[in-house]
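Build the full structure now, drawing on both the sequences and the hints.
So the protein sequences, as listed, match chains A and B. Sequential numbering of the first sequence, starting at 1, is according to the numbering used here. Sequential numbering of the second sequence, starting at 1, is according to the numbering used here.
I should point out that these hints are in silico values taken from the structure, not numbers from a laboratory.
Computed Cβ-Cβ distance ranges for the label pairs, DEER-style: (1) B:Arg-4 - A:Arg-14: 50 to 56 Å; (2) B:Ala-65 - A:Glu-103: 43 to 49 Å; (3) A:Gly-60 - B:Gly-78: 49 to 55 Å; (4) B:Thr-213 - A:Asp-162: 48 to 54 Å; (5) A:Cys-57 - B:Asn-303: 54 to 60 Å.
Examples of chain A residues lying across from chain B (beta carbon under 7 Å, computed): (6) Leu-46; (7) Cys-229; (8) Gly-232; (9) Gly-236; (10) Val-238.
Far from chain B by the CB rule (all over 10 Å, computed), these chain A residues: (11) Val-5; (12) Ser-7; (13) Val-9; (14) Lys-12; (15) Arg-15; (16) Ala-21; (17) Arg-68; (18) Leu-80; (19) Lys-84; (20) Lys-104; (21) Lys-109; (22) Lys-141; (23) Asn-152; (24) Glu-159; (25) Leu-190.
The beta carbon of each residue, even a glycine, is placed where N, CA and C say it ideally should be.
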Amino acid sequence: MKCEVLSNVFLKERRLLLDLAVPAGFAAASPGQFLHIRIEDSCDPLLRRPLSIHDYCASGKKNGVVVRVLYEVVGKGTALLSEKKPYSEIDCLGPLGSGFDMEKIAGYKNVYIIAGGMGVAPLFFLVRKIMECKVKSVKCKVAVLLGVKTKNDILREKEFKDLGCQVHIATEDGSKGFKGRVTELLKEKLQPRSIICACGPKPMLAAVSEIARSNNVPAQVSLEEFMGCGLGACLGCVIRTTSGYKRICHDGPVFDSSEIIWKD
Amino acid sequence: MKPRLEVKIAGLKLKNPVMTASGTFGYGDEFADYVDPARLGAVITKTITLHRREGNRPPRISETAAGMLNSIGLQNNGLDDFIKNKLGAYKDPRIKLIVSVGGETNAEYGRIVRELSVFKQVSAFELNISCPNIEYKDKIIAQDERLTREVVKEARRNTRLPLIVKLSPNVDDIAKIARAAQDAGADAVSLINTFLGMAIDVRTRKSILGNITGGLSGPAIKPIALRMVWQVRNSITLPIIGMGGIMTARDALEFIIAGASCVAVGTVNFVDPGASLEIIAGIERYLVEHKFKGINELVGSLNVS
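Now the structure itself:
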């Protein structure tokens with residue numbers, strides 16, 4: 001489906017926020033789902049790029065809906081995407097995939113959101129949805145832990161604070177907040193009767209899973225992989241689980257961490 | 001007057017010459033939001049093996065210049081699961097279902113086609129003897145004339161339904177293997193499967209694919225696929241299903257002009273899930289514009305003067 005670019009702006013070096021107008025007939029998105037984007041009508045790059053939905057909200061125009069994508073320029077495809085100007089159109093499939101289990105999250109008093117680097121991308125939509133529900137259910141506490149290499153890599157800190165949740169920063173070089181990995185910070189902060197939602201590099205997610213297991217709390221993790229069809233047909237983007245290989249595009253990208261086998 | 005898109009191939013009557021290539025369209029249900037399988041010439045399923053196969057270790061795909069590598073390793077839930085959970089979805093008699101069959105022994109190929117032949121949803125079989133991501137006695141069957149003959153004969157003994165043999169491009173002479181398939185009782189050949197290839201991450205010095213090598217598909221391979229269709233067309237009398245990097249109706253027409261009676265579209269399904277239907281429409285427009293009464297007039301019509 002063709003989506004019109006409303007804006008495509010740099011937030012930081014190499015990192016952009018893309019707003020797309022959602023056309024009629026586009027299904028409503030839920031947190032953790034992704035768009036499968038065809039960047040150019042060309043043979044190179046050939047395949048679509050799966051990009052997390054950063055937010056999905058009213059646009060301000062009458063009945064208008066915006067789907068928002070936060071992305072980093074890492075290769076040819078995302079470099080071309082960064083050059084897209086307002087009023088141009090991008091071919092998007094989606095929203096695709098199975099996202100966070102909101103019902104399960106609603107049953108916990110403390111929610112820990114762990115973002116490693118660009119892993120923050122799908123978590124903003126999640127936190128906004130949780131905070132919307134929080135108004136109804138009292139006493140739920142949401143803590144967002146943003147892990148980055150250095151303070152210049154921090155994204156969306158203010159936006160998370162504006163939603164009304166606690167934000168903690170972990171920088172590997174100690175330039176801001178906790179010095180060290182975000183998983184070390186999680187170990188310090190984690191309270192019992194909590195649930196963890198995380199997105200980031202695979203080794204970080206494996207560490208989060210281990211923390212969740214040893215503290216006997218559940219964790220939902222959002223995974224990333226090269227994708228072919230994005231629809232569950234090609235079996236190109238799989239992860240090993242306790243019940244065999246599962247499709248990240250269709251069975252995920254969000255999984256309960258206890259079912260993932262992290263070792264290669 | 002509307003041109004005729006119908007094709008008769010290997011005893012099958014198809015409403016148009018466009019199929020979806022094995023492994024790129026699942027079992028059809030995953031694409032239900034984009035393509036009604038009843039509008040296609042045929043659906044070729046993901047390859048079924050007798051027993052469940054876990055598939056290869058990830059990463060399984062990698063994009064390359066105008067193409068992609070894959071190393072799925074025939075992940076599937078096996079014959080019984082296919083019968084129980086997938087065949088039922090094909091109640092619509094307008095759908096032409098071609099089941100792609102893989103095996104570790106000739107007997108397995110024979111048993112799968114025998115067991116599936118009783119289901120009226122199944123229109124034909126494509127024998128996948130050319131997957132580059134699994135090994136059968138240390139080689140791909142379609143790299144050897146004798147192995148090809150033996151497996152086709154075994155399948156032939158076990159079914160009366162049309163048998164399509166899928167050929168590998170990873171050979172010195174594809175026409176030789178096509179003749180072996182013809183001699184052994186095949187009703188059609190499909191070509192080509194993917195080219196063995198690889199890609200390396202220079203930072204880690206590891207292969208990008210978990211299985212190290214994989215199969216190359218997409219527009220990058222189209223000129224070679226087209227040449228192979230032309231070569232096989234000049235060597236055997238069986239009808240050909242042509243494939244390899246078809247992205248547009250124009251690509252499909254090239255294969256038909258080179259000698260393919262039908263085409264299958266694969267990688268493009270990942271780029272644009274509705275591409276198969278656009279290709280059918282594009283072929284029809286071409287026939288109208290060039291005043292052909294039917295697609296059959298175009299098959300093998302390459303002008304070599």
